[in-house]
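Asks: Residue numbers (our numbering), protein chains in the order written: chain A, 1 to 140; chain B, 141 to 251.
Some clues are possibly wrong.
[What the hints assert, rightly or not] DSBU-like cross-link-like pairs, simulated, lysine-lysine; straight-line CA separation at most 30 Å: (1) Lys144(B) with Lys180(B); (2) Lys149(B) with Lys180(B); (3) Lys180(B) with Lys117(A); (4) Lys117(A) with Lys167(B).
[Unchecked claim] Label-pair ranges, simulated between beta-carbon atoms: (5) Lys149(B) with Pro69(A): 42 to 50 Å; (6) Glu157(B) with Asp3(A): 40 to 48 Å; (7) Ile12(A) with Asn213(B): 28 to 36 Å; (8) Ala251(B) with Phe94(A): 35 to 43 Å; (9) Asp123(A) with Tyr246(B): 36 to 44 Å; (10) Leu127(A) with Lys180(B): 26 to 34 Å.
No lab work stands behind these hints: they were computed from the structure.
Idealized CB from N, CA, C, for every residue including glycine.
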Amino acid sequence: MEDAIVLKYQVIDGEFQRAGEVSSDVKHKLKQMGVPANIVRKVAIAMYEGEVNMVIHANGGEITVEITPEQIKMILADVGPGIPDVEKAMTAGFSTASDATRNLGFGAGMGLPNMKKNTDSLDIETLLGEGTTITMIVKL
Amino acid sequence: MTVKDLIDKNWYKVINEGDETEREIGKVFCCDLLSIAMGKAPADCAWVTVMGNINTLAVATLADAAVVILAENAQLDANAASKAAQQGVTVLATEMPIFDAALQIYRALNA
Ligand SMILES: Nc1ncnc2c1ncn2[C@@H]1O[C@H](COP(=O)(O)OP(=O)(O)OP(=O)(O)O)[C@@H](O)[C@H]1O
Ligand SMILES: [Mg+2]
Numbered sequence: 001m002e003d004a005i006v007l008k009y010q011v012i013d014g015e016f017q018r019a020g021e022v023s024s025d026v027k028h029k030l031k032q033m034g035v036p037a038n039i040v041r042k043v044a045i046a047m048y049e050g051e052v053n054m055v056i057h058a059n060g061g062e063i064t065v066e067i068t069p070e071q072i073k074m075i076l077a078d079v080g081p082g083i084p085d086v087e088k089a090m091t092a093g094f095s096t097a098s099d100a101t102r103n104l105g106f107g108a109g110m111g112l113p114n115m116k117k118n119t120d121s122l123d124i125e126t127l128l129g130e131g132t133t134i135t136m137i138v139k140l
Numbered sequence: 141m142t143v144k145d146l147i148d149k150n151w152y153k154v155i156n157e158g159d160e161t162e163r164e165i166g167k168v169f170c171c172d173l174l175s176i177a178m179g180k181a182p183a184d185c186a187w188v189t190v191m192g193n194i195n196t197l198a199v200a201t202l203a204d205a206a207v208v209i210l211a212e213n214a215q216l217d218a219n220a221a222s223k224a225a226q227q228g229v230t231v232l233a234t235e236m237p238i239f240d241a242a243l244q245i246y247r248a249l250n251a
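One chain only, chain A, in its complex shape (with noise of 0.2 Å):
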C-alpha cells in the first residue's frame, strides 16, 4: 500500500472535554478528499466511539488512520487495562462505565456495538494489564 494516506493522533487519558476532537478532524480530512458522506459517517461514528473508550476506559493511547482507494483503516491502540471478556463487552448495554462518566451521557453501552456495526471488520487485540489494539475496517 505504498500510496496510503497516513494520519496519526495521540489521545490523551481523561481528556473528556476534549473526546471526539480526533474523530472530528479525520471526518474534516474526509470530507475534504471528497470521501462519499455515508461513508465518512460510518468512520466518525466507529472512530468516535473508540476514542470515547481510550478516553473512558484505557489510559489514551493512539490513532492510527490509513487511507487507500480501497478502504479506510483506523487502529486504535491503548495503554489500558484491557478487556477481560471481550464478548461480554460487544454485548449491546454491557458497560462499566463509572457513575461520574455515566453522567455526562456514556455508558449505554452501545459503543462497541456501534463501531460493529458501522465498518466491514473489526478486530480486537487485548492484553490485560497491557492495553487493547482495535482495528476497524471501512471499505470505501
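Following the hints, position chain B with the ligands against chain A.
Replies: Same frame as chain A, now just chain B with the ligands:
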C-alpha cells in the same frame, strides 16, 4: 422545513446559530444517552435532548444532526457553547419537556 424555518417560528431560544441553516430537517430524534444517539440518530435529524455538555456537540457533529434542541431548560455549559460556535452547530433551547418539543417539531414537519 429547514433549520432556518424552525428558528423563524420563534418557539425556541437560539443558543447558537450554526453554519448550515438552509439544511432540511429529516426526522425528530430523542435520546440522552450518547452512544444510543450515535447509533440511532438519523443524519439530518432534529435531536431533542437534556444533555448540554460538550459530548452532545461532538455526537451531533459526527452523526450529522441538523439541529440540537435542549429541552427542560437544559443549559449548554461554557465548553459546549464554544464547541457549538466552533463547529457551526445550531443549538436551540426550550422549557418544554422532551416529548412536547419533539411532538411540536414532528407536527411542523408533517404539516
Ligand atoms: N479500550 C478499552 N479498554 C478497556 N476496556 C474497554 C475498552 N473499550 C471498551 N471497554 C469495556 O467494554 C465495555 C463496553 O464498551 P462500550 O463502548 O460498548 O460501552 P461503554 O463505553 O461502557 O458505554 P457507551 O459506549 O455506550 O457510552 C466498557 O464498559 C468497558 O468495560
Ligand atoms: Mg463506549
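Asks: Does Lys149(B) pair with Lys180(B) here, judged by a C-alpha cut-off of 30 Å?
Replies: 27 Å, holds
Asks: Take the C-beta atom of Asp123(A) and the C-beta atom of Tyr246(B), compute their distance, and say whether it sits inside 36 to 44 Å.
Replies: Once the Cβ atoms are compared, 41 Å apart, the range 36 to 44 Å for Tyr246(B) and Asp123(A) holds.
Asks: Note whether the CB distance of Leu127(A) and Lys180(B) lies within 26 to 34 Å or breaks it.
Replies: Because 33 Å falls inside the window, the suggested range holds.
Asks: Just to be sure I understand the hint, the distance between the Cβ atoms of Lys149(B) and Pro69(A) should be within 42 to 50 Å; is that true here?
Replies: 45 Å, holds
Asks: With 28 to 36 Å as the target window, see if Ile12(A) and Asn213(B) comply at their CB atoms.
Replies: Taking Cβ atoms as reference, Ile12(A) and Asn213(B) lie about 33 Å apart, which means the hint holds.
Asks: Do the alpha carbons of Lys117(A) and Lys167(B) lie within 30 Å of each other, as the hint requires?
Replies: OK: Lys117(A) and Lys167(B) at ~21 Å, within 30 Å.
Asks: Given the hinted pair Lys180(B) and Lys117(A), is their alpha-carbon gap at most 30 Å?
Replies: 11 Å, holds
Asks: Can you let me know if the beta-carbon spacing of Glu157(B) and Asp3(A) is within 40 to 48 Å?
Replies: 41 Å, holds
Asks: Please check whether Ala251(B) and Phe94(A) have a Cβ separation lying inside 35 to 43 Å.
Replies: Holds - the Cβ-Cβ distance for Ala251(B) and Phe94(A), about 42 Å, lies within 35 to 43 Å.
Asks: Just to be careful, I want the Cα atoms of Lys144(B) and Lys180(B) compared with a cutoff of 30 Å; is the pair within it?
Replies: 24 Å, holds
Checked against the numbered hints above, the structure breaks none of them.
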